[in-house]
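S.K.: Numbering (this note's numbering), first residue to last: 1 to 450.
Calculated cross-link-like contacts (lysine-lysine; reagent style DSBU-like; alpha-carbon spacing at most 35 Å):
1) K358 - K189
2) K316 - K224
3) K115 - K259
4) K315 - K181
5) K439 - K358
6) K193 - K447
7) K224 - K115
8) K71 - K43
9) K224 - K116
10) K358 - K330
11) K120 - K221
12) K420 - K358
13) K328 - K181
14) K316 - K352
15) K84 - K316
16) K352 - K193
17) K328 - K316
18) K316 - K291
19) K227 - K120
20) K323 - K224
21) K328 - K259
22) K25 - K41
23) K125 - K238
24) K358 - K291
25) K224 - K238
26) K252 - K71
27) K439 - K189
28) K330 - K259
29) K330 - K252
30) K30 - K47
31) K115 - K238
32) K316 - K189
33) K328 - K224
34) K252 - K328
35) K315 - K189
36) K259 - K227
Hints listed in this document are in silico derivations from the structure and should not be mistaken for laboratory results.
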Amino acid sequence: MSITDERAKQAFPELEQMIHDLYSKPLPVKLYRRARREYRKVKHLQKLLNRRPDIIIRRIDKGEGFYFGNKSIMEYNTEEYMNKTEAYQEVTTGRCPLSDILRSTEAVLDYLLKKKAISKAQRDKLLSNVNTLELAHLYTLPKVHKPDISIRPIISAPIYLQVAQDTTFINSIDVVLILEKYTTDGYLKPTTKFITGDVENLYTMIPREGGINALIRFLDKCSKYRKIGPFNIDMILKMARLILDTNYFAYKNEYYHQKRGGAMGSVFTQVFANIYMLEWEQDLIRYQASKHEIYGRYVDDIFMTTNEPFEELIKKLEEAQQKDNNIKIKSTINDTFYFLDITITNANGQLKTSIYHKPTADPYFLPYTSDHPHRIHRNIPYTALIRAARLCNNLHDFHMERLRIKVSLLLNNYPPKFIKNQFFQVNKADILIKRFDEKTYHQLHYKLLY
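Throw the hints in and build the complete structure from the sequences for me.
M.R.: This is the structure:
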């Protein structure tokens with residue numbers, strides 16, 4: 001609607017008056033007291049932090065909370081990580097590398113424009129003004145879900161997924177689907193063990209030239225007529241080298257260049273690391289396929305099944321690691337495992353999957369008292385229960401998760417009657433509340449999962 005429209009001329013003053021009335025209207029006494037109490041808490045916390053420069057506040061990794069800790073300990077952990085990975089090199093000239101980065105970017109964009117891979121408008125949009133740029137800053141997120149509170153460094157692909165979709169987990173549902181197929185096909189036995197492996201420092205362990213060479217081999221094999229979309233292989237490599245060569249950041253008033261791997265917050269880094277890992281894991285993929293076993297990976301988390309002796313698989317893992325000294329994997333084997341956000345158990349040849357909650361996880365949902373539209377609040381219990389029914393393959397674990405969801409919603413001020421939403425009615429599963437019907441639940445689980 002145009003502001004010159006007669007309806008707008010009439011509506012806007014009325015809207016302005018309505019907003020003014022809402023803001024000037026006195027708060028109810030109960031809400032006013034709560035607001036004053038919260039305000040005093042915030043002011044007290046601000047004063048405490050001003051008096052204590054040794055305290056640091058960080059958002060936690062993989063969570064909604066905050067971490068309050070000793071600043072010197074966090075700095076020590078950060079510097080220890082930088083030294084351990086050997087992925088960072090200090091810029092000794094003391095000169096900010098922003099102008100050099102801009103010139104390198106301009107050269108690559110001009111090359112792409114000359115080859116007609118991008119338009120002049122795209123080139124101008126991608127090229128930034130040096131006066132509006134700021135070098136990235138290194139900060140770390142504490143992993144409070146880990147026993148030693150380690151850190152994750154943060155420096156503020158479709159074609160890959162097409163190639164590696166059979167061995168790439170997108171989420172927990174992928175894991176449950178492949179496990180249920182594995183069980184249905186008769187490969188899960190009482191002796192079956194699960195193996196998980198954690199690739200150490202995946203994003204910072206990739207050598208520059210080794211990663212580029214893996215990228216070249218991947219593109220040679222998977223590109224069509226040596227092109228991915230509008231870009232030929234030479235263009236893609238120029239852009240990849242630009243990203244890797246200009247990965248600078250500031251930390252404690254010094255400039256650093258990341259000489260191995262890539263920035264944690266970069267979309268390119270994830271694809272680059274996945275391509276490097278895809279080449280490394282081919283022998284393991286073929287070995288597992290020959291035994292009708294599962295091999296899958298979610299970023300730096302590997303999951304496998306085995307019916308072979310423990311020593312045999314450990315030998316295969318050691319052989320794989322000897323191929324590349326840059327890849328180090330911590331592996332464990334058991335018949336019960338936590339992988340992503342599910343618990344996987346082999347109960348004497350019977351598969352059990354349920355939702356796993358980290359010990360540090362908060363029972364958090366969007367508070368019912370928030371200003372979001374009520375349709376969003378209505379969807380929260382529904383989607384939480386849908387997720388539970390997909391990931392829990394037995395009724396007992398589903399009911400335990402349902403009770404956990406209910407308690408969490410109550411803690412976030414959801415009215416009890418609001419929690420009894422349309423989930424059971426929509427899926428014709430009212431019987432699950434009235435009595436313990438495993439058969440009906442299995443039908444529901446299968447329907448929602450597939």
